[in-house]
Every structure is written in C-alpha cells, then in structure tokens.
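Given next are the chains, with one letter for each unit.
Protein chains: 2
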Amino acid sequence: MQVLVSKENRQIKMARKLQEKKHRDQKGLFLIEGQRAVQELFIRPDLIETLFVSDNLMEVYEGDVQRLHIKQAYQVKADLMKYLCATETPQGIAAIARKPVWSPDKLLQPDSTVFFLDRIADPGNLGTIIRTAWALGIGVLLLSSNSTDPFSPKAVRASMGGIVKIPVYQAVSTSMIRELKEKGYQVLAADSKGNKLLYDINFNSGKSLIIFGSEAHGMSGDYSYMVDAWVKIPLQQEADSLNIAVAHGIFSSEIRRQRLYG
Amino acid sequence: MQVLVSKENRQIKMARKLQEKKHRDQKGLFLIEGQRAVQELFIRPDLIETLFVSDNLMEVYEGDVQRLHIKQAYQVKADLMKYLCATETPQGIAAIARKPVWSPDKLLQPDSTVFFLDRIADPGNLGTIIRTAWALGIGVLLLSSNSTDPFSPKAVRASMGGIVKIPVYQAVSTSMIRELKEKGYQVLAADSKGNKLLYDINFNSGKSLIIFGSEAHGMSGDYSYMVDAWVKIPLQQEADSLNIAVAHGIFSSEIRRQRLYG
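Heads up: the sequence lines are chains R and C, in that order. Those letters in the first sequence? Residues 11 to 272, by my numbering. Those letters in the second sequence? Residues 11 to 272, by my numbering.
Hints are supplied without guarantee of correctness; some may be wrong.
Identical copies carry no separate label here, and so any pair may be met within one copy or between two of them.
Unchecked claim - In silico DSS-like pairs for lysine-lysine, Cα to Cα no more than 30 Å straight-line:
id	residue 1	residue 2
1	Lys37	Lys27
2	Lys92	Lys164
3	Lys193	Lys92
4	Lys92	Lys31
5	Lys109	Lys81
6	Lys217	Lys32
7	Lys217	Lys23
8	Lys242	Lys217
9	Lys193	Lys109
Honestly, the hints are just simulated from the structure, not real lab data.
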C-alpha cells in the first residue's frame, strides 16, 4: 500500500474538503470514519473511492483491501489521519465514498413504510434515525429541503454505517408527499398533542407515510391538510415531547411489533 | 434585580466552576441552562440557588422571580451569560440549582420499573434517557459507578429539565442490584443477541429491573449471573445494535403499551 505523508496530497485534501457540504454536493462524495462504519462500507465496495488506513491497522485491513480490489488504498500516519478526519479521536480508518443512489421504486412497494422528516436540524439525531431505520429494517427516509445533510461527518458517524444501507431521499417536495398520498399511503403526523394513540394505529393494513416535524419548530403547515391522523405516544401530562430520534425509534418498534404479531 | 457585570463576581465564578464534575460533587450544585429547562426548574423552586437572566429576557422572567421568591436573581449582559454557560449559544437564562435528593422508597413500590445503566459513557445519551423516562413516566434510573455524570451541562441539556423531575441514583453497586432481585424484581438484560423478544415479556406481572450495558463495552460480567432473561428488540440480521437512548425508549414504550392495554 502506498504511504501518504503530506497534507498537500490530492487525496488528503479531498478528504478534508468533504467536511464541507458544498464539496460533498459538488463531487457526490462523502467521508466515512471509524472501523465499524467502514466495515459496513465493505459490503458495498462499489461505493469506495479511496481508503485511508493508519499504520497500526495495516495488518488488520490488508486482506480486505486485496479481497475487495480497492485500488486507491493508502497508509497514513496517525497525525495525518487526525488531520483528514472530522472526529477528534479517529479510529485509524477512513474512506472517501460515493453517495449511494437509490431508485424511487422503493417507495412503490406494497405495505411499505416511509418516514418524512420535515427540516430535521441535528445531525446526531438524523444519523441515529438512519441507524434505527436500518437496524429495524423499517422504512425509507425522506428529508425535506432545509434538513441537515445526512452525509455530514456527524450524521454519518451516528448512522454507524447505516447511511450506505438504506435509502435516504433528500430535498423531497410537498408535491412528492401529495403524490404518495394519491398512491394510497395513509399520511400520519407524529404529534405529542395528537388525538390517536400510536398503539391504536393499524400499520398492517397498507402503506404509511409518517411525518416528523423539526425539533424546534414542529411540522410545517404545508403538510397539515394532507394528514389522515395525528398520532401521539402517550406522555405524562406535564411533559411535552421526546427526542425526535427516540420518538422515531418508538414508532418503528411499534410497526415491527405489529408486523410480527399481525 | 441586581445587575452583574464582572467575571470576577462570586456567583459568576461559581457557575463557571460547575462545568467541572469536581465542583459539582463538592458543592452538590449544578448548572441548568436554557428557557425550557429552567421552566421545569420553576416547578421545583426549592432547588433554585441562583438565577441569571440576560437583559433581553428581563421582562419575561421578572414575574416568575417575584412569584417564586427567588432571592438570588441577577441580570447579566449577553457576553457574561455566554461566559458562564457551557453552551455556545446560550438562550438567555441559566440557574445554579441544588441536586435533587430522592428517597430510596421509590424503589420499593409494587410494579415499579427500574432501569440500571452500566457505565453509560455519552452525556447526550444519558440526558436523552432521562428525558424519555420523565416524559413516559416510566422508571427510576440507576447508574453504576464509572457512568457519565447526569449533572454535566450536556446531560442536563439533553434531559430538557427532566433531571429535576425523576429519581436518578448514582454509583449503584452490585450488591444493590442483588438486593432488588431478592426483593422480587425480575432482572432483564437488554441484549441484541438475547433469546427473548421484548414484545413477549410480561411487564404487568411485577417489578422489573432492566440492565443496559455501556455503548462500547456492553454489560459487565458482574451482573450476568443475576439475569432472569436476555431480551432483544428484533433487528435485521446484519445489523448489530441500536443507539442506547433509542433502545431505552423502545423498552419504555413497550412497558407503557402493556400498562395501557393490560
């Protein structure tokens, strides 16, 4: 494996640049850091553009590099790894990856569940939601415009590699939501003041599109008229909300339970 | 309200010090920041030691200060607020609060649910768990020693004020867990490789103590011999775990559901 030593190297500079959304958007690339996340990427080797391995992990990953025919694999020293990663304590491996492209067919399967996140702001929350969606095998994720970027270092890290496993569609418009409703999706809004209990919703009877509003501002008025039911997780009277990633996890688990038990 | 202008003021210096665990432990005090969290504190005015309000929020909070007889309330300028808060963009209000003290009686109620977190490391995760426990009204929280401090600024912020609402017992020992088991708690371990499905556990038949292992290292061997059942949330085959705060939320929601539906 070639050894990179200079901050001026083209690959190193590219990795650094990918910490900014502008460059991720321009190039269609993003940075994946850490052993666990990169191991998920190894299941999609077609997405790997460049791999960086620190000295002490060379023995661990040399076999993978050969097996997966990764052409651009480089050995780097710990300080250079730290320079190219967004994490303060990088785990010794990182990769430049191509953003996965998902066909819209996923949306048209019967009894599919779709989560629509309206202006989600926190990358950690978004990454956690992606991790949950992948782990529970429930749902395709749609993001409105003005949502945080799922390919940012923080979101990618919280997704634990899930970002390359499940379809996340960005910049989804109101008209797309309307089209899904016309195609037979029941439109549910997660809302702590809703009038239906989550546990009373039948998720086995067809396709569901579940809207979560932003952490700070709730759901935009653009969607209210399409909502078939406002659904709440029953909270204590004086409490007013859950963390959005926790609420998403609870919805997903209830759907999973209903699928298992009919 | 007295106006504070100097970084050398005793109250300001105390607030700054409380960003460090050492001082929180010594004084039995901690810092609460932000409008929503401080409003929760107003429901426990006995815990308020000192209140700091920035210029622009004086009108909003003057009434509360009088109504609650808060003696040490000070007006501070935005830059001083930023200096005393741990957040980068403080929301204009902060308080020094006494740590709430909870009687152990809470643990001895019939059909109570207790979560035991073994060496939880991330303050954001711990705060989110506290927020969920409060919002769903489920559970008392026990923390092993070597867990992250629930009174750290990050944990307090993520708890959204929940830290003053629900009992969180720290430095809980193995012998305490054993004692609860002897008192009739069923001991469940959350484990993605468990042999029982969460949805098959009966949470209405008695008291449950649910153990979550640390994010990175899982559960310590000290507890395994006490476990009555290893319980999993059913995941996709290739996925191996959920975020701990999401998993805790899913367990809590299932308990809530069973209590509602019997």
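Consistency of the hints with the structure:
In this assembly of identical chains, Lys37 and Lys27 lie within 30 Å of each other by CA distance solely inside one copy; the values are 10 Å within and 45 Å between copies. In the homo-oligomer, the alpha carbons of Lys92 and Lys164 lie at most 30 Å apart both inside one protomer (15 Å) and across protomers (25 Å), since each shortest distance falls under that limit. In this assembly of identical chains, the alpha carbons of Lys193 and Lys92 never lie at most 30 Å apart, being 48 Å within a copy and 51 Å across copies at closest. When the C-alpha separation of Lys92 and Lys31 is checked against a cutoff of 30 Å, the pair qualifies both within a copy, at 20 Å, and between copies, at 28 Å.
When the C-alpha separation of Lys109 and Lys81 is checked against a cutoff of 30 Å, the pair qualifies only within one copy, where the shortest distance is 18 Å, while the shortest distance between copies is 57 Å. When the C-alpha separation of Lys217 and Lys32 is checked against a cutoff of 30 Å, the pair qualifies neither within a copy, at 35 Å, nor between copies, at 53 Å. With identical chains, the CA atoms of Lys217 and Lys23 are never at most 30 Å apart, being 45 Å at best within one copy and 57 Å at best between copies. When the C-alpha separation of Lys242 and Lys217 is checked against a cutoff of 30 Å, the pair qualifies both within a copy, at 19 Å, and between copies, at 26 Å.
Taking the shortest alpha-carbon separations for Lys193 and Lys109, only the intra-copy value of 28 Å comes in at or below 30 Å, while the best inter-copy value is 54 Å.
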